[in-house]
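2 protein chains.
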Amino acid sequence: MRLSPQCDRKPEKREVIGISVQRPVRITDVAALAGVSPGTVSKALNNTGSLKESTRQRIKAAADQLGFVPDPDARWLAARRSYTVGLLSVDAAGRFSIPVMLGAENALAAGEMSALMATTRYDPVREAYHLKTFRARRVDGIIVTGRTTDPRPPVETDIPVVYAFAPSTSADDASVVPDDADGMTKIVKHLLDRGRHRIAHVGGLPYKHASEVRAAAVTAALADVGLGLVTPPLFGEWSEEWGRRAVDQLLEATPGRDDDLGVDAITCGSDQIARGVTDRLRELGIAVPQAIAVTGFDNWEVMALASRPPLTTIDLRLEDLGRRAAELLLDAIAGTPHHGTELTKMELIPRAST
Amino acid sequence: MRLSPQCDRKPEKREVIGISVQRPVRITDVAALAGVSPGTVSKALNNTGSLKESTRQRIKAAADQLGFVPDPDARWLAARRSYTVGLLSVDAAGRFSIPVMLGAENALAAGEMSALMATTRYDPVREAYHLKTFRARRVDGIIVTGRTTDPRPPVETDIPVVYAFAPSTSADDASVVPDDADGMTKIVKHLLDRGRHRIAHVGGLPYKHASEVRAAAVTAALADVGLGLVTPPLFGEWSEEWGRRAVDQLLEATPGRDDDLGVDAITCGSDQIARGVTDRLRELGIAVPQAIAVTGFDNWEVMALASRPPLTTIDLRLEDLGRRAAELLLDAIAGTPHHGTELTKMELIPRAST
Chain A
1 MRLSPQCDRK
11 PEKREVIGIS
21 VQRPVRITDV
31 AALAGVSPGT
41 VSKALNNTGS
51 LKESTRQRIK
61 AAADQLGFVP
71 DPDARWLAAR
81 RSYTVGLLSV
91 DAAGRFSIPV
101 MLGAENALAA
111 GEMSALMATT
121 RYDPVREAYH
131 LKTFRARRVD
141 GIIVTGRTTD
151 PRPPVETDIP
161 VVYAFAPSTS
171 ADDASVVPDD
181 ADGMTKIVKH
191 LLDRGRHRIA
201 HVGGLPYKHA
211 SEVRAAAVTA
221 ALADVGLGLV
231 TPPLFGEWSE
241 EWGRRAVDQL
251 LEATPGRDDD
261 LGVDAITCGS
271 DQIARGVTDR
281 LRELGIAVPQ
291 AIAVTGFDNW
301 EVMALASRPP
311 LTTIDLRLED
321 LGRRAAELLL
331 DAIAGTPHHG
341 TELTKMELIP
351 RAST
Chain B
1 MRLSPQCDRK
11 PEKREVIGIS
21 VQRPVRITDV
31 AALAGVSPGT
41 VSKALNNTGS
51 LKESTRQRIK
61 AAADQLGFVP
71 DPDARWLAAR
81 RSYTVGLLSV
91 DAAGRFSIPV
101 MLGAENALAA
111 GEMSALMATT
121 RYDPVREAYH
131 LKTFRARRVD
141 GIIVTGRTTD
151 PRPPVETDIP
161 VVYAFAPSTS
171 ADDASVVPDD
181 ADGMTKIVKH
191 LLDRGRHRIA
201 HVGGLPYKHA
211 SEVRAAAVTA
221 ALADVGLGLV
231 TPPLFGEWSE
241 EWGRRAVDQL
251 LEATPGRDDD
261 LGVDAITCGS
271 DQIARGVTDR
281 LRELGIAVPQ
291 AIAVTGFDNW
301 EVMALASRPP
311 LTTIDLRLED
321 LGRRAAELLL
331 DAIAGTPHHG
341 TELTKMELIP
351 RAST
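Chains as they are written, first to last, in the working numbering: chain A, 1 to 354; chain B, 1 to 354.
Treat each hint with caution, since some may be false.
Identical copies look the same in the list; a pair holds intra-copy or inter-copy alike.
Stated by the list, open to error - Calculated lysine to aspartate or glutamate pairs in the DMTMM-like style (CA-CA distance at most 25 Å, straight line):
1. K186 to D172
2. K132 to E327
3. K132 to E212
4. K208 to E301
5. K345 to D91
6. K52 to E283
Because the hints were derived from the structure by calculation, they are not lab data.
So that you can see chain A by itself, here it is in the shape it has in the complex:
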């Protein structure tokens, strides 16, 4: 059996213990035993910084073995916790980032942590400024929210960070993202349960992460039961106007026979699009949901409830997402960071449009 590096160091440890009988164990002793710098020991014992978990464990084990007791008056080892977390948002007025921040703030307050709010308005200079401020205020961690679910480059900081809604492009970072595929799969299952089989999809902006995942999920969920979309998904923009136009394109592309329309359900990439779809269908005298069922996405209530009829849709559960991001951040602050992207579940909200 091959010796691990830790085992290799055991003899050194005994020497150091020998020394510790004469004088109090110093942080440099722990550093020497663990084979790291004193600063890294400080980070490991204070659960700060972004060390590898194996390194942190090795250092803690070394401190335990030496019976090292941090001097509470030692400035360089003083607890750095400010019990404050920075919430960095690209746009606080964003319809998506707000519930995320609200959920995070709520979870943090329950843990006696306060939330510092900062908005970058897509300006790298403002982002750098706010990160500097967060550092000066010794925040324990940072939650970065975004306006879309498109991945964004990581922020430049050595403070623990969790990305909420917009994931980091780095797989080393911890990100929490709404599970669009989960939501759209629930929509398709709901439509199939209601006997709809000729489904068309009207998506939002092409090439956006949310658009692509949602459209792909409709196709995948139909394929699971041996079905397909009646026509390739349409993409346009996130607007009612596009929803209205899409209906005309769709009816042209899927001609029915006699009283039988070529499509019996339309899944939409957002509530705004779905509202445009229902408006246009009403203008054409096509009954929703009798002739065609329509579904939204987002549960943006002002849209979903004002629609005639009110929209069956998917609630993104963004407050849950913010809460989860806060939990992951608290873990990272406590020394057990997460890595990779975690998806949060969505909720089907059935209403009269299906």
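Position chain B relative to chain A; hints supplied.
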């Protein structure tokens, strides 16, 4: 000429100066000269607390006369500035409070102040908890935002507070509120300029401050030019559905003759209502704006732009309001608090509906 209290104290001052030759001037000397407690001297010199400006000036003059130099190590006189402001919102997801908070955060960041975010969700226990946290974190001041412009009772704290959007019921407090009457007056002037004289008003929820001020402003602006509403203002709710119903009530209450409708413009209490109004008029085959011009209020773009035709409306300039609240708070922190309610101007956004 009558001696002012300051002049009465001049002999005392000289005595104290005599003492100060033997030992350093103490805060108690300044307190004695100014006729206040040492705590009040501390507040005055640190620009904290809510002292009368005349008191603060008297204390500063006393400190100057005595050549008092605060001991930077003295805890009781240590600078209490944390360069942090608490933003207390009833509901961070509120469509109105968000731009207010954004404007405030922006203005504060420009002044190197950070914003702590806290939401109460209308829960007095949460409000008390957050106020306690703000105090523990020694925030320099607090901005309280609300969901409506209805006055709210003051928060219980001795930290400087400014109320934004929802004013305090106490006239001693500083509040910044959107000038609904200014906005509605601009709407009426715009309609009169376009030759409309037979105006009806569809308001939101009755007894709400915004509903009442907006409806009263239409009446007042028309009275200014010798006109009146064609029918008493209608009140219902802040919804599209109410806007649609209101059209039917209105056309019944104002019967026109032949092709001449009894009304040539409808001012609405919100964009949501106006959107319902335009939708219903289109269903009835009444052309907007040719037969009836329609105006919204709020410039909630998702409503105002999706409306057919897009709505002429009023932008509340809520970021300006938040910025102004931050300015008033910075003044209060600097020792010159404001009192009473300040109104912020609105902006007319003309679009195709007029």
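How the hints compare with the structure:
no.	hint	result
1	K186 to D172	neither (30 Å within a copy, 54 Å between copies)
2	K132 to E327	both (24 Å within a copy, 23 Å between copies)
3	K132 to E212	neither (36 Å within a copy, 46 Å between copies)
4	K208 to E301	both (23 Å within a copy, 22 Å between copies)
5	K345 to D91	both (24 Å within a copy, 24 Å between copies)
6	K52 to E283	neither (61 Å within a copy, 65 Å between copies)
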